[in-house]
Every structure is written in structure tokens, then in C-alpha cells.
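**Q** Below are the chains, spelled out letter by letter.
Protein chains: 2
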Amino acid sequence: MKAWEANIRRVTPYVPGEQPKSKDVIKLNTNENPYPPSPRVKEALLNVDELRKYPDPNVYDLRKALADYHKIDINRMFVGVGSDDVLANIFITFFNGDKPVLFPDITYSFYDVWASLYNIPFEQPKLDDNFRIVKEDYYKPNGGIVIANPNAPTAIAEPMSFIEDIVKNNQESVVVVDEAYVDFGGESALPLIDKYDNLLVVRTFSKSRSLAGMRIGYVMGHEDLIAALNDVKQSINSYTMTRASIDVGVASVLDDDYFREYVAKIVSTREAFSKEMRELGFTFADSSANFIFAKHNKAKAADIYNAAKDKGIFVRYFNKPRIDNYLRITIGTDEEMDKFLAFLKEFLTTSGC
Amino acid sequence: MKAWEANIRRVTPYVPGEQPKSKDVIKLNTNENPYPPSPRVKEALLNVDELRKYPDPNVYDLRKALADYHKIDINRMFVGVGSDDVLANIFITFFNGDKPVLFPDITYSFYDVWASLYNIPFEQPKLDDNFRIVKEDYYKPNGGIVIANPNAPTAIAEPMSFIEDIVKNNQESVVVVDEAYVDFGGESALPLIDKYDNLLVVRTFSKSRSLAGMRIGYVMGHEDLIAALNDVKQSINSYTMTRASIDVGVASVLDDDYFREYVAKIVSTREAFSKEMRELGFTFADSSANFIFAKHNKAKAADIYNAAKDKGIFVRYFNKPRIDNYLRITIGTDEEMDKFLAFLKEFLTTSGC
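Which chain is which? The protein sequence lines are A and B, in order.
1 is the number of the first residue of the first sequence in our numbering; add one for each residue after it.
1 is the number of the first residue of the second sequence in our numbering; add one for each residue after it.
Read the hints as simulated data drawn from the structure, not as lab findings.
Backbone N, C-alpha and C fix where the C-beta goes; we use that ideal spot for every residue, glycine too.
Among these hints, one or two may not hold up.
Estimated spans, in silico, between C-beta atoms of each pair [claimed, not checked]:
| hint | chain 1 | residue 1 | chain 2 | residue 2 | range |
| --- | --- | --- | --- | --- | --- |
| 1 | A | E43 | B | T283 | 26 to 34 angstroms |
| 2 | B | K2 | A | E261 | 37 to 45 angstroms |
| 3 | A | E50 | B | D303 | 28 to 36 angstroms |
| 4 | B | E50 | A | V15 | 16 to 24 angstroms |
| 5 | A | N47 | B | K265 | 41 to 49 angstroms |
| 6 | A | E50 | B | Y69 | 38 to 46 angstroms |
| 7 | A | F162 | B | D256 | 54 to 62 angstroms |
| 8 | A | E50 | B | E50 | 19 to 27 angstroms |
| 9 | B | K2 | A | A342 | 54 to 62 angstroms |
| 10 | B | K265 | A | E50 | 14 to 22 angstroms |
| 11 | B | D68 | A | P159 | 48 to 56 angstroms |
Construct the complete structure from the given sequences, taking the supplied hints into account.
**A** Here it is, written out as C-alpha cells:
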């Protein structure tokens, strides 16, 4: 081993869903939106001569548009390169104590990667047998709490009162609610930021706003929390949001009719698809997200996953304890879901399930 | 103080150059390129429907275009959100030892911010009285070395042999050469990556490629270094490069004629401007960058800075020991430099300098 190799930080990185190069596939594996972003986005991208200049390090225009949209003060709004960037910054900013940070054993699988990377101790209370969060598990000394709501990959949402109980019982910690999927049916904890100064509510443009490719996420909370977060962010990279992302983000926020129309479309596809899936022998909790998390009463998840992939249909399979017989299936267009259902019917028949 | 405030990471953030909102100013303060990016960039931005999808987490297309451009293997190429993102990732990945990381006392002022943020010990050997790096100061036990070449804000470049001496005498450390400004006249250390497996060479699209607004930087080095860097990066955020930045980056690399033409234009403006500045009583080293770092033989830098700002001309002034009588002036268009020179002539006359 070289001498300098001893000083390298060794990590086990997060493994994102497959991004097949071919265009001839049906991608139901990364919770992307099947519809394009608002047509206003195209106009917003044409300010090419300005690209020679650095973006606004304070991302004022997009923070303002979002603050107005959510009717909060701009000093309670922080914007980052996707909610992953926002959450990574939250971990490094707020979780510097000795007590463990708490998040469920089954949840977004980046939380433990950040904790490991930044040497943050953590514990993962178990979801119950129905994959519900047990709130009382979070009523103990801790260095911070992260709850995805709706949770991923379970697609289960808890009401605001549930989140409030956790926040109320943890006034000494920063509590983070990751609402990446809230637009598809969850109840937001946002109103609680007026009442609790230790609460952060995280959102993303990657799902409901069809802008995964532009990397836009944000977080809302007490202005002291937002200021501390901003200081750390400015110490890593002043200019993280591209000019294009800022412009496109503003355009998306201003086109609320488009946003509501396409979210409603996905919810309607999800409900129809859920009904058909149950008829095929799948069981799963009602989804409040743009995906369902389902297991079949006979066929094995890994077998379905592999057979679907052979047909050019990608769904997400996690080879992990407790969830290794489940599939996470993103809601695409009606046509895409019909093709997936047709595949399933054939697969289940030929495999005798 | 709230209990959770004890766990907040407190930092003194980097302060970027002013970004005035008004369009009626001459911005010679952030080393941006005065010319727009290649016209091919506009076409690259029009793939709007694809923005609903996550970008390629491995940034293959842009890494491939850059690897081909520099004639190196793609496994020796890492791309990030500007060179700031690349450098921040280098600090957290490679500088985990107990010995101090070394970089000059006068250099890019983000290096000490990253070291502080990540709790990395560091020492800053002094530049000599002519603002030259003293290479022997780096021949001692250390946890890593960072050299900006050309250095900022001095604009002074050292030859490849100088960098090689530092690398040769530090086989036990990772040595980083930050070549943000190399296209304007420096000699790159890139050929040395074939010879030394502990060397990283960092570049950016923000200056010579007129794409500061799209946040693209990269680093080249031994594939083991690049792999370790990539593992850490993937542990923070898999998707940092937007689809727009990847597409635009490829378009820029492919238009080499445009690139060369506009770099040559800036170099020619710099040479003419330098001559005039010396005639006005400024002294400064020959610049190998897209800025000069100058002091006047009578007038105070702070006074010039403030008077220029009143006229809507922004240059960079650092109120720091040893350089508080210097101005860093970005090379703009010929017309912009003429306006600045006209301002200076009037200022120096009326202030009796």
C-alpha cells in the first residue's frame, strides 16, 4: 500500500437504480415522472449568453418563488442540488452530537450512507410488521431524527399529527421530515414550522415536477436552522445551483396549473393500477406516492424483477432483509402500466402462480 | 441556547466576489469570461423532455468527451459541479491524516475553508516577497499539498518542472494542482500523471470555456485516486451534474476552434491592458491568467476599488495581510478595459497620483 492510501476515506456508496442507456425500455425503477416538465421550462433555458457568469450564490429568485408559493418568509427557505444535496448538508450541519441519529430500518437508503460518511452515530428503529413507523421508538435521547413521509420504499404516509407527536417529544433534537413524495397524497408537516423551531421539511423537484434531470431540492424551517445550513453550504461550494436550474425551477413553480394537472394524472393511474395489481394477487399498503411497494402471494419478487428486465421493463428490487420479496414499481403512463400488467399476466400464467 | 444548537457545525464561509443585480455594471471582479459560450451550447440545451429523468450518475458522455480531448483513459477522469465541488471532494476523500495539508498563505481562499470545515489540519507556507511559491517549503512531512498554478490571485505560473520537483519530493502525499487558469498561459502538469500516481490535476469550465453558470469542473489522475474520489462523491449525492450541464459541457469540448479563438482574444486584450496599466504607474508580475494582480505606486488599492465601484466598475479587493494594497482585475472585452482605463486616468489625475 502506498503511504497516501492510508489517508483515503473509505466508504460504501449508495447504489442508485439502474439507468439503462437504451431508449426502448420502460423505466419504472427510479420514481421519475413519466411526463415532461412544464412547457415554460423550455423558454427558461434560452438565456445562453448569461451562462458565462456565475449563478447567484444565494439562489434568490428561486428561493423567492418557492417562499411565495408556500407563503413563508424567504429566510426560511434553502435550495440545493436535489434533495440529496439538501439532506447531505443537513447531516453535516446539524448532526454533530454523540447521541445516535434515528431513522427507520426500512427507509430511503441514503440516510445511513451519509451518517457513515460523516462519522455520525445512528440507530434504525424497526418498522412494525405492516411497515408502519412506531413513533414511540423515537421518544428517547438522540442526536437528530429523519423521517421520510410518505416513507420510501413503503409508499405509506402518516398524518401531520403523527409527525407532530414526534417533534413535540423531541424538542432537543433537529427533526427532519423528507417529503419527496408528499405531492402524490401525503399530508405535509409544513404548517408545523410555525410552531416548532427544530423542524425541517424537505422537498424535491425530481418527482412531482418532472425535473429530476435538473437537480433541485429545498428545505423549509426556522430561519436560524436555515442560516446555519447556508453557512455550511457556502463553505463547501458557493455556486452549486446552475443558472439553468434556477431559471427552470422558477418557471416550474410559476406554472401551477400544469403541476396540478399532471400530479392528478399520476394519482389516477396509480389508483387504477393498484386495483389491477390486487386482482393479480399482489398485496400492498395504499400508496401515497408515485410508486407502489408490493409482494405477490405466490411468485417471488426477484423472479418477477428478472423476468421483467428481460422484457425491457425495469422495476426496483432491494436484496435486503425484510423487503427482499417486494418490488417497488414507479407509476408511469397508463400505457406503460398496461404493458407491465400484460407482462405480469403472462409471467404469472406461465410460471403457474 | 437550544439543546440542538450545541450540535450545529459552525463555520466561517468563503465570501465570493460581489454579484451585482444591475446589468449596467462592468464586472471585472469574479474572473468570468466576457464572451458567451460556444453557439453549440444553445442546441445542447433543447432536450427538455428528457429533464424528467435523472442524469447519468457516472457522467459518462462528458467524461468520455474530456478524456478523448486530453487523450487519457476515461477511468482517470472525474467530473464535478465546478472545480469547487471537485476540490471539496478531494479534501474530504484524501486528506484524512494527522499531518498538516500544505498550501500557500496567498492562494485561492477556499482551501482553508474546506480544511476547517472537514477538521483537516493545515499549514500555509509564505510566498516570497515577489509572490512566488518557495518549493522547498513543501519538502517536509505533510498530509497533502495543494498548489494553484497559475496561482490566484497572483496570476503567476510556474513551469511543469517546478511542479514535478514538488511531486517528486512528496511521494507519500496526494499532490493537487489546481489549473483553473492554465488555458490563459500556464504550462499544465497533466503529462506528469503518467509518471506519478499521487498527482491530481484540476480544471474548470468557468473561465476559459465561458460556462461559470453551468458549474462544470474536472480532475485527472491515477485511476485508483479517481475511483476513491468517485466512491466518496457517490456517497454524498449520486446525481450532482444536471442533464443540462452534461450536454452543454460536451458541446463546449467539441467546439475547439471557438475555444481557442476566444482564449486568444482574452490573452491579447490582457497584453495590451497590461502595457497601459504599467504606463499608469501600476506594478505587477506578468499574468498567465485571465486577470492581473496589481498595485499602484501611489494610489491606495482600497480607494481605487471604492471609486471604481461608485462608477459601476467592479474589481476584486482582498482586505487581507500582505495583499491589502493590491487589486485583482479580470480581463473583460477591449471595450470594458478601455472604460476601466479611462476611469483610472481620471481618478489618478483628480487624486493627484
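**Q** Given a hint of 14 to 22 angstroms, does the C-beta separation of K265(B) and E50(A) actually sit inside it?
**A** The hint (14 to 22 angstroms, Cβ to Cβ) holds, given that K265(B) and E50(A) are roughly 19 angstroms apart.
**Q** Does the Cβ-Cβ separation between K2(B) and A342(A) fall within 54 to 62 angstroms?
**A** holds, 56 angstroms
**Q** Range hint 26 to 34 angstroms: satisfied by the CB atoms of E43(A) and T283(B)?
**A** violated, 49 angstroms
**Q** Starting from the hint 19 to 27 angstroms, judge whether the C-beta atoms of E50(A) and E50(B) obey it.
**A** Check passed, 22 angstroms falls within 19 to 27 angstroms.
**Q** Is the distance from the Cβ of E50(B) to the Cβ of V15(A) consistent with 16 to 24 angstroms?
**A** Once the Cβ atoms are compared, 23 angstroms apart, the range 16 to 24 angstroms for V15(A) and E50(B) holds.
**Q** Just tell me: holds or violated, for the beta carbon distance of F162(A) and D256(B) against 54 to 62 angstroms?
**A** holds, 58 angstroms
**Q** Quick check: does the Cβ-Cβ distance between N47(A) and K265(B) fall within 41 to 49 angstroms?
**A** violated, 23 angstroms
**Q** Is it true that E50(A) and Y69(B) lie within 38 to 46 angstroms of each other by Cβ?
**A** Hint violated: Cβ distance 25 angstroms, outside 38 to 46 angstroms.
**Q** Range hint 28 to 36 angstroms: satisfied by the CB atoms of E50(A) and D303(B)?
**A** Holds - the Cβ-Cβ distance for E50(A) and D303(B), about 32 angstroms, lies within 28 to 36 angstroms.
**Q** Can you tell me whether the CB distance of K2(B) to E261(A) sits inside 37 to 45 angstroms?
**A** At roughly 42 angstroms between Cβ atoms, E261(A) and K2(B) fall inside 37 to 45 angstroms, so the hint holds.
**Q** Looking only at beta-carbon atoms, does the pair D68(B), P159(A) fall within the given range of 48 to 56 angstroms?
**A** For P159(A) against D68(B), whose Cβ atoms are near 54 angstroms apart, the range 48 to 56 angstroms holds.
The earlier numbered hints that this structure contradicts are 1, 5 and 6.
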